[in-house]
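A.B. asks: Listed below are the residues making up each chain.
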Amino acid sequence: MNDHTELQPALSISGASCQGCVRNITRALESLTGSAELISVDLESQTVALPDGINIDEAARIVTGAGYPAMAVDAPPDNGSVSDNDPDHDTGSQSGRTEVTADGDEVHLAVTGATCASCVNTIEKALKSVNGITGAHMNLADNTATATGQANSQALIRAIESAGYGASVIEDPDAADDQKQEDDRKRYRDLLVKMTVSLGLGIGLMVYGMGFGTMMVTEANQWTWINLGVLTLAVMATTGGHFYIGAWKAFRHHNANMDTLIALGTGTAWLYSIAVATMPFALPEMARHVYFEASAMIIGLINLGQALELRAKGKTSEAVRRLLDLRAKTARVIRDGAEQDLPVDQVRVGDQIRVRPGESVPVDGQISEGSTRVDESMLTGEPMPVRKGEGDEVSAGTLNTRGSIIYTATRVGRDTALAQIIRLVKKAQGSKPAIGRLADRISSVFVPTVMLIAVVSALVWYNVGPEPAVVHMMVAATTVLIIACPCALGLATPMSVMVGVGKAAEYGALIRQGDALQTAGKLDLVILDKTGTITEGHPAVTHLYASDDDTDKLLTLAAGLEQHSEHPLAEAIMVKAKEQGVSPGKVTGFETINGKGVRGELENQPVRLGNRKWLESEGIDLAGLQEEADTITSDAGTPLFLALGDKPVGVIGVADALKQDSAAAIRRLHDAGIRVMMVTGDVDATASAIARQAGIDDYRAEVLPEEKSTIVSAMRGKGYTVAMVGDGINDAPALAAADVGFAIGTGTDVAIESAGITLMRGSLHGVADAIEISRATVRNIHQNLFGAFVYNTLGIPVAAGLLYPFWGILMSPILAGAAMSLSSVTVVTNANRLRLFSTSRNTREEGNQ
Amino acid sequence: MSALLVNAGGLMLMAAIVWWFWLSPSNDTESNQNHSHHH
Numbered sequence: 001m002n003d004h005t006e007l008q009p010a011l012s013i014s015g016a017s018c019q020g021c022v023r024n025i026t027r028a029l030e031s032l033t034g035s036a037e038l039i040s041v042d043l044e045s046q047t048v049a050l051p052d053g054i055n056i057d058e059a060a061r062i063v064t065g066a067g068y069p070a071m072a073v074d075a076p077p078d079n080g081s082v083s084d085n086d087p088d089h090d091t092g093s094q095s096g097r098t099e100v101t102a103d104g105d106e107v108h109l110a111v112t113g114a115t116c117a118s119c120v121n122t123i124e125k126a127l128k129s130v131n132g133i134t135g136a137h138m139n140l141a142d143n144t145a146t147a148t149g150q151a152n153s154q155a156l157i158r159a160i161e162s163a164g165y166g167a168s169v170i171e172d173p174d175a176a177d178d179q180k181q182e183d184d185r186k187r188y189r190d191l192l193v194k195m196t197v198s199l200g201l202g203i204g205l206m207v208y209g210m211g212f213g214t215m216m217v218t219e220a221n222q223w224t225w226i227n228l229g230v231l232t233l234a235v236m237a238t239t240g241g242h243f244y245i246g247a248w249k250a251f252r253h254h255n256a257n258m259d260t261l262i263a264l265g266t267g268t269a270w271l272y273s274i275a276v277a278t279m280p281f282a283l284p285e286m287a288r289h290v291y292f293e294a295s296a297m298i299i300g301l302i303n304l305g306q307a308l309e310l311r312a313k314g315k316t317s318e319a320v321r322r323l324l325d326l327r328a329k330t331a332r333v334i335r336d337g338a339e340q341d342l343p344v345d346q347v348r349v350g351d352q353i354r355v356r357p358g359e360s361v362p363v364d365g366q367i368s369e370g371s372t373r374v375d376e377s378m379l380t381g382e383p384m385p386v387r388k389g390e391g392d393e394v395s396a397g398t399l400n401t402r403g404s405i406i407y408t409a410t411r412v413g414r415d416t417a418l419a420q421i422i423r424l425v426k427k428a429q430g431s432k433p434a435i436g437r438l439a440d441r442i443s444s445v446f447v448p449t450v451m452l453i454a455v456v457s458a459l460v461w462y463n464v465g466p467e468p469a470v471v472h473m474m475v476a477a478t479t480v481l482i483i484a485c486p487c488a489l490g491l492a493t494p495m496s497v498m499v500g501v502g503k504a505a506e507y508g509a510l511i512r513q514g515d516a517l518q519t520a521g522k523l524d525l526v527i528l529d530k531t532g533t534i535t536e537g538h539p540a541v542t543h544l545y546a547s548d549d550d551t552d553k554l555l556t557l558a559a560g561l562e563q564h565s566e567h568p569l570a571e572a573i574m575v576k577a578k579e580q581g582v583s584p585g586k587v588t589g590f591e592t593i594n595g596k597g598v599r600g601e602l603e604n605q606p607v608r609l610g611n612r613k614w615l616e617s618e619g620i621d622l623a624g625l626q627e628e629a630d631t632i633t634s635d636a637g638t639p640l641f642l643a644l645g646d647k648p649v650g651v652i653g654v655a656d657a658l659k660q661d662s663a664a665a666i667r668r669l670h671d672a673g674i675r676v677m678m679v680t681g682d683v684d685a686t687a688s689a690i691a692r693q694a695g696i697d698d699y700r701a702e703v704l705p706e707e708k709s710t711i712v713s714a715m716r717g718k719g720y721t722v723a724m725v726g727d728g729i730n731d732a733p734a735l736a737a738a739d740v741g742f743a744i745g746t747g748t749d750v751a752i753e754s755a756g757i758t759l760m761r762g763s764l765h766g767v768a769d770a771i772e773i774s775r776a777t778v779r780n781i782h783q784n785l786f787g788a789f790v791y792n793t794l795g796i797p798v799a800a801g802l803l804y805p806f807w808g809i810l811m812s813p814i815l816a817g818a819a820m821s822l823s824s825v826t827v828v829t830n831a832n833r834l835r836l837f838s839t840s841r842n843t844r845e846e847g848n849q
Numbered sequence: 850m851s852a853l854l855v856n857a858g859g860l861m862l863m864a865a866i867v868w869w870f871w872l873s874p875s876n877d878t879e880s881n882q883n884h885s886h887h888h
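Here the protein sequences line up with chains R and P, keeping their order. Letter by letter, the first sequence follows residues 1 to 849 in the numbering used here. Letter by letter, the second sequence follows residues 850 to 888 in the numbering used here.
For the record, the hints were derived by calculation from the structure and aren't laboratory data. Treat the hints with caution; some may be incorrect.
[To be verified] Facing chain R, according to a computed beta carbon distance under 8 Å, are these residues of chain P, among others:
1. L853
2. V855
3. M863
4. F870
[Claimed, not checked] Partial chain R-side listing against chain P, Cβ under 10 Å, derived:
5. H254
6. V445
7. L459
By construction, the Cβ of each residue, glycine as well, lies at the ideal position given by its N, Cα and C atoms.
Turn these sequences into a full structure, and let the hints steer you where they fit.
C.D. replies: Structure (C-alpha cells):
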C-alpha cells in the first residue's frame, strides 16, 4: 500500500464518530481536492489525511462548517475554546470555534469499585458532567474509563470518586497492563480472604443455631445473640465494607447500583436481627428469629462470585496479552560500529538493528542487509513465513526464522504496527455495540425499581401474609434486594465483545468498533472490489503454450526480450521465468513498438512478442495458436504471441489472476447465506470471466471508482445489509458508504481508515472469518442478555414470594446471594466459551498443510 | 395502629425512593449529556 504514503494527516478533528461522519467530511472536502479518493478520514485518531498542496486552513474551515471542529495538525491547540457538549452531527450546529481532539485528549482512567451496569452509567454520567468532556465511555470488562475532550485529569478523578468509585490516570496504557495484572492478582487474593472470613462466620452461625436447635432469641440466649450480632457487624464491615461505602457514595449522588442492593439487603437483615436480639419481647414469639448468618453469608458469596469473575475476566483479555507478549524487551543495536543489546525503548528511528535467526523483530524497519524468511502469523494470521530481502519492511513482534539481517528502524515505541494493533484491539474491545447500550439504559432505572418492588412485597407480606408477618416481610424484601443485582446484565455485552474482538484479531481481522462487530453478523450482501481484492492486483502469467511443447524455450525467448522492458506485463513474464528456473535468452537490439509489443534479435533472427494484430501485420501466421488464445481471452487474460523469425513459437497468457483462495472464501460466504457481488472498472468480458472463476453471483463492470459508493448505497436502499470489501484508500468512499467496510490490508498496514474492519491479510477468507466470529459473538451476547434477563424476571417474583401461595416456598436470602453470584459467573463463563470458537476454515491449520 | 404505621411508612419510603432517584434536581445532567450514537 504505497499509496498511503502520499496522504498525510493534515487536520485534527473532533466529533466524528461513525461512517456517516466520514461521509459528511469527505463530501465537504471533495470540492477542495476534486476527488473523494484523495481524502481519508481516520475515526480512531480523529484526523483527516489530505494530499499535498491543499490549503489546510481552508480545509479546516470547511470541515468545521460541516459540524466537526477541525484544525491543522501542526497548529497549536486552542485551549480556550472548549466545547461543553457533544458536537451535534445531524444539525451541524457547531459554531466556528476550533478545538483539538487528538490522541492526547483522550484520558484513560483505571476505575475501581465498578461492578454492574448501573455503575457504568453512573461513571459515564459523572465524567460527562465535567466541563470540557465531550464523551465518556466506561468498560466494565477491564474496568477502564476513557474520557474525550479537554479537562484536567484530576477533575475527572474527583468526579468519579464523588460518584462512589476509585480512579487513577493510566499514563501509559501499554505499561498499565502489567500493573493491572498484578493488581488483579492482589485483589483476587484479598477477595478470597474476605470470602473465607465472612462465609466462615456465616457457616459457624448456622452450625451454632442448629447446635442449639434454633435461631430464635430466648431469654437464655439473648446476650449470646447480641454479642454474635456485634461480631457479625464487625465482619460485615471488614469483609463487605466496600459495598457500604460504595452504596453511600452512590446514594449521596442520587444514584443506586449493585452496592446499594447488597448494602440494603444485608443491612436490613442485620438491623432486623439486632432489633430482635435486643428487644425480643416487643415482637410476637414466632418472629424472634435472627438472620445474622444471612448477612455474613451473602457478603461471603458475593465476594466469592467477584473473585471467580475476576479470574474469568482475566482470561477474556488473553488475545491482547498474547499481542503484548510479542513485544521484544531488548534490541541488538549497531551504533558506531559496535553491537550492543539495548532496552527496546531506547531504540531510535534510524538505528541499525541486527536480528539473528530465531529472534523476534524488536521495532518496525526496513532491511538494509541480508535476507530471511519472517513468520508474521502472529500479526496477520498468514501461516507461511514471508521471504524478506533488502528494502523489505519488517514489523515488530514478527519472528525471524532463517537468516541474520540488519535493518534500519523506521517506527519505534507506540508507532510500531504492533503497538497500533494492540491499541486498536483494546479500543474495540472496550467499545459497546448498540445492543449493549440498551442494556445500560435498562439498568440505570433498574436498581431504584427493585427497591420499590422490595418495599411493595414487604407491604404485601405484612398485610396479607401469614404469621409471623414481620419475619416474612423482612425475608421477602431482603431476598428481592439481593437477587436483583444487575451485575449479569452489565457484564453480558462487554465480556462477549472483548472475547469476540480478540478472536477476530487472532484471525487477522481488526475490528474498529463494537458496532461493526454487531453489524457484520447481520450482513447479507458482500460487495467485492476486483483488483487486489479478488485478484492478486498485478498481472501474472497464467498460460504458457508452445507450438512444439517446449515451454522453456518460449519462456527463454520471451524473458530474453522482456528483461529490457519495464512494462508490468514484462515483469509478470520475468517472474514466471524466475519461478521456473529459466534464464533469459541473449536478445539484442531490443525495441518497444508502442501499443503493439516488443522486438529484438537472437542469432540474427528477429524475435517478436506482442498482440495478434501486430504479428499478423508482420506476415506471421497465428492460426495454429487460435484455440489457446481464445481460452486465454475467455479466462480474462491477454494473449501475447511470440514469433522467432517468421514462425510462431507460442502464446503466453497474462492476467490479473484470482488469488489462490478467493473462490474458496466466496464459497464460504455463500455457505453463510450471503450474496456476493463484484464491482470493477474492467470491461464486461474480463469481469464476467473473473466472476465465473470466483463463483460470484453478480457483477457490475466498467464502474468508475467514484460510482462504487453509489452502487453500495443503491444496494442498501434495496434493503440489503451491505459489506464493501476493498482497498483502504481507493475504495474509501465505498467502504464508508457500506454498513460495514472491510479494508483489505497487506501485511501489517493497520493505518487503514474508513473501514470498520481491517484485514491484515490479503485473503478474502478474512471476510468470512470476521462474519462468522461476529455472528458467534452476537449470538453469545444474546445468550448472555437473555440469561441475565430471565434470571432477573424469574428471580425477583420468586424472591418476593410469588410461589408461596401455591407451594409454600419462600426463598432464603442466602440462596438469593448464591444465585446472584452464580448469574454473573455464568455470564462471564459463557463469554469465555467464545474463546474456543473456530471459524469454518481454520486458517492456520489449512495454511500449514 | 401498628399496621397503619407500617403501611404509611412503606408508602413514604416508596415516595422517597421515587423522589430521590428520579425527581430530585441533581439528576438533570443526563438529559443534555446523554448523547447516544445516531445510528
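A.B. asks: Hints first: check each against the structure and report whether it holds.
C.D. replies: Here is what the structure says about each hint:
1. L853: Violated - the Cβ of P/L853 stays beyond 8 Å from chain R, reaching only about 11 Å at its closest.
2. V855: Check passed: Cβ of P/V855 comes within 6 Å of chain R, closer than 8 Å.
3. M863: Since the shortest Cβ distance to chain R is 5 Å, the answer is holds.
4. F870: holds, 4 Å
5. H254: holds, 5 Å
6. V445: At about 8 Å, which falls below the 10 Å cut-off, the nearest Cβ of chain P leaves the hint on R/V445 intact, so it holds.
7. L459: This hint holds: R/L459 lies near chain P, its Cβ roughly 4 Å from the closest one there, short of 10 Å.
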